[in-house]
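Engineer: Each chain is listed here by its residues.
Number of protein chains: 2
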Amino acid sequence: MRRRLLLVSNSTLYGGGYLQHCQEQIATFFGLHIKRILFIPYALHDQDSYATTVTEKFQSLGYEVDSIHKALNPVEAVRKAEAIFIGGGNTFRLLKALYEKNLVSEIRKRVLQDGVPFMGSSAGTNVATISIHTTNDMPIVMPPTLGAIGLVPFNINPHYLDHDSSSRHMGESREQRLTQYHEEPNTPSVLALREGSMLLVEENKATLLGSTRARLFARGKPATEYEPGADLSFLLSGESWL
Amino acid sequence: MRRRLLLVSNSTLYGGGYLQHCQEQIATFFGLHIKRILFIPYALHDQDSYATTVTEKFQSLGYEVDSIHKALNPVEAVRKAEAIFIGGGNTFRLLKALYEKNLVSEIRKRVLQDGVPFMGSSAGTNVATISIHTTNDMPIVMPPTLGAIGLVPFNINPHYLDHDSSSRHMGESREQRLTQYHEEPNTPSVLALREGSMLLVEENKATLLGSTRARLFARGKPATEYEPGADLSFLLSGESWL
Ligand SMILES: [Ca+2]
Ligand SMILES: [Ca+2]
Numbered sequence: 079m080r081r082r083l084l085l086v087s088n089s090t091l092y093g094g095g096y097l098q099h100c101q102e103q104i105a106t107f108f109g110l111h112i113k114r115i116l117f118i119p120y121a122l123h124d125q126d127s128y129a130t131t132v133t134e135k136f137q138s139l140g141y142e143v144d145s146i147h148k149a150l151n152p153v154e155a156v157r158k159a160e161a162i163f164i165g166g167g168n169t170f171r172l173l174k175a176l177y178e179k180n181l182v183s184e185i186r187k188r189v190l191q192d193g194v195p196f197m198g199s200s201a202g203t204n205v206a207t208i209s210i211h212t213t214n215d216m217p218i219v220m221p222p223t224l225g226a227i228g229l230v231p232f233n234i235n236p237h238y239l240d241h242d243s244s245s246r247h248m249g250e251s252r253e254q255r256l257t258q259y260h261e262e263p264n265t266p267s268v269l270a271l272r273e274g275s276m277l278l279v280e281e282n283k284a285t286l287l288g289s290t291r292a293r294l295f296a297r298g299k300p301a302t303e304y305e306p307g308a309d310l311s312f313l314l315s316g317e318s319w320l
Numbered sequence: 079m080r081r082r083l084l085l086v087s088n089s090t091l092y093g094g095g096y097l098q099h100c101q102e103q104i105a106t107f108f109g110l111h112i113k114r115i116l117f118i119p120y121a122l123h124d125q126d127s128y129a130t131t132v133t134e135k136f137q138s139l140g141y142e143v144d145s146i147h148k149a150l151n152p153v154e155a156v157r158k159a160e161a162i163f164i165g166g167g168n169t170f171r172l173l174k175a176l177y178e179k180n181l182v183s184e185i186r187k188r189v190l191q192d193g194v195p196f197m198g199s200s201a202g203t204n205v206a207t208i209s210i211h212t213t214n215d216m217p218i219v220m221p222p223t224l225g226a227i228g229l230v231p232f233n234i235n236p237h238y239l240d241h242d243s244s245s246r247h248m249g250e251s252r253e254q255r256l257t258q259y260h261e262e263p264n265t266p267s268v269l270a271l272r273e274g275s276m277l278l279v280e281e282n283k284a285t286l287l288g289s290t291r292a293r294l295f296a297r298g299k300p301a302t303e304y305e306p307g308a309d310l311s312f313l314l315s316g317e318s319w320l
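Chains as they are written, first to last, in our numbering: chain U, 79 to 320; chain D, 79 to 320.
Accuracy of the hints is not assured; some may be wrong.
The list cannot tell twin chains apart, which means a pair is met if one copy fits it or any two copies do.
[Said to hold, decoys possible] Simulated pairs of lysine-lysine, DSBU-like, Cα-Cα distance not exceeding 35 Å:
| no. | residue 1 | residue 2 |
| --- | --- | --- |
| 1 | K148 | K299 |
| 2 | K187 | K148 |
| 3 | K148 | K135 |
| 4 | K187 | K174 |
| 5 | K283 | K135 |
| 6 | K135 | K299 |
| 7 | K174 | K299 |
| 8 | K283 | K299 |
| 9 | K283 | K158 |
| 10 | K299 | K179 |
| 11 | K113 | K283 |
Derived by calculation from the structure, the hints in this document are not laboratory data. None of the values given here were measured: they were computed from a predicted structure.
Please construct the entire structure, taking both the sequences and the accompanying hints into account.
Structural biologist: Quick look at the structure:
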């Protein structure tokens, strides 16, 4: 397993520019040897404009970007990619496009077998996990299944939000929604990444990075908090899922 | 079409008790001749406790409640129902249970053909519409389709929340999410019901009730606001969907 993943909660942190809060971690993650990154913009409707934003940001960090929506053969683009970045937007739309274009198993193979570095942000992080059952997005379209690329054997909830006790809104809190997920049988753990946090996975080691804590929800157990720097490798065990 | 519907945004309004903010409208809607209401609690995990809450509230308004989860034959319970109430919780879990128990077409028939009064709240309102594509809930389980009971030919977004410009959270606003829905082809209008509002449908007349305005999103058009009392019957036209 040559897996290398950078799974970011959010693309933009309050007060900052696109991917600004994690630019150091991005540069460290892709390093000196990667020259070109394959960008997957399917989570947003306007893919040209999305690709422009992403290209500008990655060029400022020293990387060229190829957006897969310009490729004649997307599967071939994944087969040739040095590195992959899937951006945020609507998770259902993104996963539906990945299935329609036969990219789910191709990305999984490239990342887990060939060691192609993979970065996801927000919806791009959701689809990297075992399933999108813990996305925050609206089901505006339906993919054939909520099972996803499966680069890790657990779920992530990006943009995790603590309950605001001053709010008068009566919809479910994020914690209540994740607790409802774990009322269902055989549901995996959910790593809830607050905005500003991200998970680095290097083979079988997982480390929390960023500026905020993460909250882990496991079925039948009280939720627990982890500080940046925490070793979360235990989440990667039990990999009968591969 | 003998349709009678009361579609409520939220079960509890800030500072009030369960269904307190809409109890007058409930009493007016079910009126003097209805004695028993069939309650459908599938959106929550603890259905016994849910049925107790609902029974107490409706008894205080003069109605007896039968919870369908106690019925030996749920389809038969719908066939005999004088009136139906579907409560809130997780919309995906609710719709999956309705399909598993073969209740979707049975409820549609009872309400549209036999004129059985139907009340929904939150998730119960989502499943009453054409589809659950505009639920706010997390997809903790998957129903066979997001197509729903279809008592009206449009979508509702319950618990609609205006963007809070003081928030530092960077996840999509509700308006952005609904705009993403309308980026998809052939998507129906979405009536966004703020907490405190509800839609009354009597045959082909639809009226906004409650204490807050509603916001209407139509594909390719600017969003529009409606005050309580507004006639929204135009949303019911074009009923080729039946
Ligand atoms: Ca999103
Ligand atoms: Ca709900």
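Engineer: Take the hints in turn and mark each one as holding or not.
Structural biologist: Structure-based check of each hint:
Only between protomers do K148 and K299 lie at most 35 Å apart by alpha-carbon distance; the minimum there is 30 Å, versus 46 Å within a single protomer. Taking the closest pair of Cα atoms, K187 and K148 come within 35 Å of each other only inside a single copy of the chain (22 Å); across copies the shortest separation is 48 Å, beyond that limit. For a Cα distance limit of 35 Å, the shortest separation of K148 from K135 inside one copy, 18 Å, qualifies, whereas the shortest one across copies, 58 Å, does not. Taking the shortest alpha-carbon separations for K187 and K174, both the intra-copy value of 19 Å and the inter-copy value of 32 Å come in at or below 35 Å.
Proximity of K283 and K135 under a CA criterion of 35 Å is satisfied intra-copy only: 28 Å inside one chain copy versus 52 Å between copies. Taking CA atoms no more than 35 Å apart as the test, K135 paired with K299 passes between copies only; the shortest distance there is 33 Å, against 40 Å inside one copy. In this assembly of identical chains, the alpha carbons of K174 and K299 lie at most 35 Å apart whether taken from the same copy (32 Å) or from different copies (26 Å). Only within a single protomer do K283 and K299 lie at most 35 Å apart by alpha-carbon distance; the minimum there is 23 Å, versus 49 Å between protomers.
Taking the closest pair of Cα atoms, K283 and K158 come within 35 Å of each other only inside a single copy of the chain (26 Å); across copies the shortest separation is 58 Å, beyond that limit. In the homo-oligomer, the alpha carbons of K299 and K179 lie at most 35 Å apart only across protomers (31 Å), although the nearest pairing inside one protomer, at 38 Å, exceeds that limit. With identical chains, the CA atoms of K113 and K283 are at most 35 Å apart within one copy only, with a shortest distance of 25 Å there and 62 Å across copies.
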